[in-house]
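Novice: So the sequence lines, in the order shown, correspond to chains F and L. Every letter in the first sequence is one number past the one before it in my numbering, and letter 61, counting from 1, is 61. For my numbering, count along the second sequence from 1 and bump the result up by 72.
Hint data in this document are derived by calculation from the structure and do not stem from the laboratory. Treat each hint with caution, since some may be false.
Taking lysine to aspartate or glutamate and the EDC-like style, the derived pairs with C-alpha atoms no more than 20 Å apart in a straight line are [claimed, not checked]: (1) L/K210 to F/E59; (2) L/K108 to F/D65; (3) L/K128 to L/D161; (4) L/K213 to F/E31.
Over the 12 Å line for every Cβ pair with chain F, so calculated as not near, a few chain L residues [to be verified]: (5) L93; (6) E98; (7) R100; (8) D131; (9) N212; (10) F248.
A few chain L residues that don't get close to chain F, going by computed Cβ distances all over 10 Å [said to hold, decoys possible]: (11) L97; (12) L144; (13) K152; (14) E169; (15) F252.
Computed from a predicted model, the values in this text were never measured in an experiment. Note that beta-carbon positions come from the ideal geometry of N, C-alpha and C, so glycine has one too.
Take a look at the letters that make up each chain.
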Amino acid sequence: MNEHDFIEQLVNLMDTEEDISMDSSLENIEEWDSLSYVSFLAMCTKHLGRRVEPQKVREAKTVRDLYEIVNE
Amino acid sequence: MSKVYISIGDYAIREIEESDLSQLLEWRNSPEIHSKMLTDHIITWDEHLAWFKKIKEQDPTLNFAFVYQDKLVGYAGYTKYDPVTKTGDGGSYLAPELDLPVDAGIYSGELLLYYGFETLGIKKTVTDVFLDNERVVKMNKLMGSKIISSHKLKKGGKVKEVVTMELTYEDWRKSFYREFFL
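Chain L extracted, bound-state conformation (with noise of 0.2 Å):
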């Protein structure tokens, strides 16, 4: 039984298991979300293997697995964690062939920030986003977060603008969005 650190309704995030490994792979690697990652680089089973077993001896957890009612449909995690300044640098990505509820990434989200904020004790979480992405940029936002610099990066052969952008916890916890889901 796959340890669950926390649920809202149908949703969790829970550790993730060897036999999620290759669906895992097969949706980080897909266009949808190949293209949105700031890196270029398509991950090899190696690779990803290699990522599974450090992330196993992690303490604390930084990476989960997604499920709704129990089905495993994505994946959030913090890639950064720094216990001495308490900022994580979170992210999630959703099954992109499944037909999932329309809250799905709200709760990959909030599931992952409440891991955050509440357990880790981190303060503030800071994230990179390419600026035309522009429905994550908005969709921060609505979660509370703040553009607070930005910069350029080469991706695909092209120039790209990034925006890094921050959540503490104290804007996290007046966001208005958390009133409808919590």
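Isolated chain F, as found in the complex (with noise of 0.2 Å):
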């Protein structure tokens, strides 16, 4: 998955209006919560086939991070 495909789906995961890049801070996002929480490590599971650790995606601080959890 690419950058542009990955925020296009990261949007659409939160549910956002906000101008998201791959230097947006997460603690930045409104809807950067629980429910994007569990919806991002559930889109993890469906599109890789495989479970990410969700300590690694609580720990991520940009949406960078979490694109580099996705390409690990």
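Put the two chains together into one complex, using the hints given.
Specialist: Put into structure tokens, the structure is as follows:
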């Protein structure tokens, strides 16, 4: 998944209207909450066919950190 | 030392102490949390104290302080519990101003559900939520809840749609999200 597609998926997943880039800080995105967090874990399982570690997602600071988790 | 009822990782639900009360009331009456509650009423200190005295006498315990790394960060509890029908109506809220980990909301819900289903032995939870509280409705669905009915309620001079959401023990047990956190 390239960066553009990833951001598009993340925006849909969070249902946010904010302008998001790879360097966006997650703590500044209001919709980065428990719902988005669980939805992100579910998306990874569905699209990657593998389970990602919740702890890594929890500790992510930026959109790029999430992207790197997906592309590990 | 406060009694801890259940803990998972850094999160726990413990008994509510008198020293928690002013903070809990401030959060409960904050615009962020009050706007999501079904009632219009702003709770007074005297009402809050009376509630505390009542819950201290409850057996089993139904109301808890939600803590992260031993620090009070919210509330979780059952406002209704029927030991005959084995039904509970639960809810939780987090401190609106604290910068909590992104999973705090999941654990406040999960700890309360775990206590209800595994300790109280309830068979289902039944909770009313404003339909426009979309993120909570979606989160409840992710946790296994289903909408079973809806009705209208007047709040702040406006008529709003309320959905009643039910979560059975069986649906909770097989909720996919639990595999990530337990």
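Novice: Classify the label on L/F252 as holds or violated, using whether its beta-carbon is more than 10 Å from each beta-carbon of chain F.
Specialist: Not fine: 5 Å to the nearest Cβ puts L/F252 too close to chain F.
Novice: Once the closest CB in chain F is found, is it more than 10 Å from L/E169?
Specialist: L/E169 clear of chain F: closest Cβ-Cβ about 13 Å, beyond 10 Å.
Novice: Checking a non-interface call: every C-beta of chain F should be farther than 12 Å from the C-beta of L/E98. Is that right?
Specialist: holds, 21 Å
Novice: For the pair supplied as a hint, L/K213 and F/E31, is the alpha-carbon distance within the 20 Å limit?
Specialist: Holds, at about 17 Å.
Novice: Checking the smallest CB distance to chain F, is L/L97 really beyond 10 Å?
Specialist: Non-interface label on L/L97 holds, nearest chain F Cβ at 24 Å vs cutoff 10 Å.
Novice: Please verify that the nearest CB of chain F lies beyond 12 Å from L/R100's CB.
Specialist: It holds; L/R100 is separated from chain F by about 20 Å at its closest Cβ, greater than 12 Å.
Novice: Does L/L144 sit more than 10 Å from chain F, CB to CB?
Specialist: holds, 19 Å
Novice: Against chain F, does L/F248 hold up as non-interface, every C-beta pair farther apart than 12 Å?
Specialist: At about 7 Å from chain F, L/F248 fails to clear the 12 Å cut-off, so the statement is violated.
Novice: Test the statement that L/D131 is away from the interface with chain F: the closest C-beta pair must be farther apart than 12 Å.
Specialist: Consistent with the label, L/D131 stays out of reach of chain F, its closest Cβ about 31 Å off (over 12 Å).
Novice: Beyond 12 Å on every Cβ pair: is that true for L/L93 relative to chain F?
Specialist: Its Cβ never comes within 12 Å of chain F, the nearest being 26 Å, so this holds.
Novice: The output says L/N212 does not contact chain F. Does that hold with a beta carbon cutoff of 12 Å?
Specialist: violated, 10 Å
Novice: Assess, step by step, whether the Cα of L/K210 is no farther than 20 Å from the Cα of F/E59, and give holds or violated.
Specialist: Judged against 20 Å, a Cα distance of about 23 Å means the pair is violated.
Of the numbered hints given earlier, the model fails hints 1, 2, 9, 10 and 15; all others are met.
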